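Undergrad: If you want the building blocks of each chain, they are given just below.
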Amino acid sequence: MAAIIQVKNLFKSYWRNNLEIPVLHDLTLEVEEGEFLALMGPSGSGKTTLLNLIAGIDRPTRGEVNVVGTDIAKLGESALAKWRSSNVGFVFQFYNLIPVLTAFENVELPLLLTKLSKAERKKHVETALSIVGLGDRMSHYPKQLSGGQEQRVAIARAIVTDPSLLVADEPTGDLDRKSAEEILILMDRLNKEFKKTIVMVTHDPHAAQKASRQLHLEKGDLV
Amino acid sequence: MKVLKLIFKNALRHKLRTTLTIVGIAIAVIAFGLLRTVVTIWDSSVDATMANRLITRQSVSFIFPLPYSYKEKIESVPGVSKVTFQNWFGGTYIDKNNFFARLAVDPATMFDVYPEFILSKDELNNFKKQRNACVIGEDIAKQYKIKLGDIMTLDGDIFPGRWDFVVRGIYKGKNKNTDKTQMFFQWDYVNERMKTEMPGRENEVGWYVVQVANPNKSAEISNQIDALFKNSTAETKTETERAFAQGFVSASGAIISAMNVMSFVIIGIIMLVLANTMIMSARERTREYAVFKTLGFSRLHLTGLIFGESMLISCLGGGIGLFLTFPIVAGFEQAMPKGFFPFFFIEPITVVLAVTATILVGVISAIFPIHKALNTKIVDGFRYVG
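One line per chain: the protein sequences are L and U, in this order.
Letter 24 of the first sequence, counting from 1, is numbered 27 in my numbering, and no numbers are missing.
Letter 379 of the second sequence, counting from 1, is numbered 1118 in my numbering, and no numbers are missing.
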């Protein structure tokens, strides 16, 4: 299988009070298409930073980040935004749904950037929500849903544009055990049945077991 | 679902806050409209003056009279085409709150010098023929339901006594800002009674109104008129009607200036209120903007969302305010003593200014939140804890 993610000599640092704080040290990594990768490590190890760089929502200090055939470190802001909208689906720990929009409207959001007609958008949204098992909750607002349901809406939003890569930052971190299990089963299904490449950051060893590969980060290095 | 729908939903997210902001903007626009109306109406009394009319008054103050004998001398000045004169009568009509100008005038020349007061030939002839006849503006006629032939009784103060006038004419205005709230009667009639009832006060006029053939020579003619009466017991001051009217207005100038400034200060205050609302809303949505950016929404999309919400709130408030300004201004006019303002209407410029202010408030209030939303990095947005 071809590598969908190629990270070479990736270095990332932040500046705080004129002091450079390195987060990732010359990191090199490849993720193959269809892989389900779990990134583990203690707080501050740089796993979320690595995920953000792979997803194109942060920029490296230096190094190459080649994702879905594009060196995203070289893209301008608007090109990167366009690239994200068509190649990456995002799942966050705290779901990050828009509270004034219904489940349907939240899932529809990424499709507003496409040229799809209203009817086509409706079809896509209904499909995505039925995949996550929320076909009957389309008109519900986030506050009317449980945490697990909110996360499933977020997953539906992540897959509605049919991206090849899903990135998930602690997707079960805010859920009870039962809901977390349901989310993990859903992600496993997305990986196996829908052939999505998934990169998931997690603290939870049980969640990491669902992945086909586990990588550990410590102080900005892969161990 | 479209961006417009999202703008509406965002605006209604905090219903109470949005409602209060809209009400605030509406009140500000009403206050702006009301103050601007008073200021422009006040100024329009100056605008209504004619360039070819000069006013000759007593040099100390217009409250001191001038001798009637000056008329012929003024008429003799080259460039003067016609001279008329007036006396401020004062007095009370029915109630002290019924305020409108009552002037003793020269019926032979008055309507020639003031062509903006339109009176039919018959009515003018009737006015000239009858000693105690009077002519009133159509607004007065409407307000007090007076028709031709009715008697108007004034209780005199400057000219004491009971004065009965027969309405022989009702004049119309040539222009929208022509004062149609004046009452004119014959100076001769007042003068006759002064001769018998208050000897020593006869043959006095309040001021002369001088019509000139060439307005460009007003300054020269004014100097010539004043030179005629230099070192006399009643020296004169001649100035354009505009300057004379400005003199009246300037007596209240400080208040009018304050009202003028206040009308814009109100807009400034409401701009800060809306800007504060927008900044609070944008800060609360820092994470959401990060989500939008993550999903691929561009800077233009975010700008549209914030700008749209700011404009929606501003335009709703401004629209409601402007809509209510009309009945409120009408109510204000009713609440004022009758005839306090010779005319009272919202000038088109006031509407234009209110609309412009509403748009400006919406635009300026959106600038800071847009700048903040666009320049916050996605990762920093996700770290934000509201």
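Everything labelled a hint here was simulated from the structure, so no lab data went into it.
Do not take every clue at face value.
One-sided excerpt, in silico: chain U residues whose CB lies under 7 Å from chain L [unchecked claim]:
no.	residue
1	L1034
2	L1113
3	T1115
4	R1122
Simulated restraints on C-beta separations [claimed, not checked]:
no.	chain 1	residue 1	chain 2	residue 2	range
5	U	I766	L	R192	56 to 64 Å
6	L	E129	U	I1018	51 to 59 Å
7	U	K744	L	D139	37 to 45 Å
8	L	A122	U	F1003	24 to 32 Å
9	L	F97	U	G1070	51 to 59 Å
10	U	K741	L	D74	53 to 61 Å
Below, a list of computed lysine-lysine pairs in the DSBU-like style, where the Cα atoms sit at most 30 Å apart [as the list claims (entries may be wrong)]:
no.	chain 1	residue 1	chain 2	residue 2
11	U	K867	L	K11
12	L	K125	U	K915
13	L	K222	U	K1116
14	U	K1116	L	K77
15	L	K85	U	K748
16	L	K126	U	K821
17	L	K85	U	K741
18	U	K835	L	K118
19	L	K125	U	K810
20	U	K913	U	K821
21	U	K913	U	K810
22	L	K121	U	K956
23	L	K146	U	K754
24	U	K810	L	K118
25	U	K934	U	K956
26	U	K867	L	K126
27	U	K969	U	K915
28	U	K913	L	K125
The model shown is predicted, which means the values in this text are computed figures rather than measured ones.
The beta carbon of each residue, even a glycine, is placed where N, CA and C say it ideally should be.
Undergrad: Per the CB criterion, is T1115 (chain U) less than 7 Å away from chain L?
TA: Not OK, violated: T1115 (chain U) not within 7 Å of chain L, min 12 Å.
Undergrad: Given the hinted pair K146 (chain L) and K754 (chain U), is their Cα-Cα distance within 30 Å?
TA: Since the Cα atoms of K146 (chain L) and K754 (chain U) sit roughly 17 Å apart, the hinted pair holds (cutoff 30 Å).
Undergrad: Is K913 (chain U) close enough to K821 (chain U), meaning Cα to Cα at most 30 Å?
TA: holds, 20 Å
Undergrad: Is K934 (chain U) close enough to K956 (chain U), meaning Cα to Cα at most 30 Å?
TA: Roughly 38 Å between the alpha carbons, so the hint for K934 (chain U) and K956 (chain U) is violated.
Undergrad: Need the status of pair K126 (chain L), K821 (chain U): alpha-carbon distance at most 30 Å?
TA: violated, 86 Å
Undergrad: Taking only the CA atoms, is the gap from K85 (chain L) to K741 (chain U) under or equal to 30 Å?
TA: With Cα atoms ~19 Å apart, K85 (chain L) and K741 (chain U) stay inside 30 Å; holds.
Undergrad: If you draw a straight line from the CA of K810 (chain U) to the CA of K118 (chain L), is it 30 Å or shorter?
TA: Violated, at about 85 Å.
Undergrad: 56 to 64 Å was suggested as the range; check whether the CB atoms of I766 (chain U) and R192 (chain L) agree with it.
TA: holds, 57 Å
Undergrad: Do F97 (chain L) and G1070 (chain U) keep their Cβ atoms within the hinted range of 51 to 59 Å?
TA: At 53 Å between Cβs, range holds.
Undergrad: Check the hint pairing K867 (chain U) with K11 (chain L) against an upper bound of 30 Å on the C-alpha distance.
TA: Measuring from Cα to Cα gives roughly 106 Å; hence the hint is violated.
Undergrad: At a threshold of 7 Å, is the proposed contact between L1034 (chain U) and chain L supported by beta-carbon distances?
TA: holds, 5 Å
Undergrad: Between E129 (chain L) and I1018 (chain U), does the beta-carbon spacing fit 51 to 59 Å?
TA: Check failed, 38 Å falls outside 51 to 59 Å.
When the structure is compared with the earlier hints, violations turn up for hints 2, 3, 4, 6, 7, 8, 10, 11, 12, 16, 18, 19, 22, 24, 25, 26, 27, 28 and for no others.
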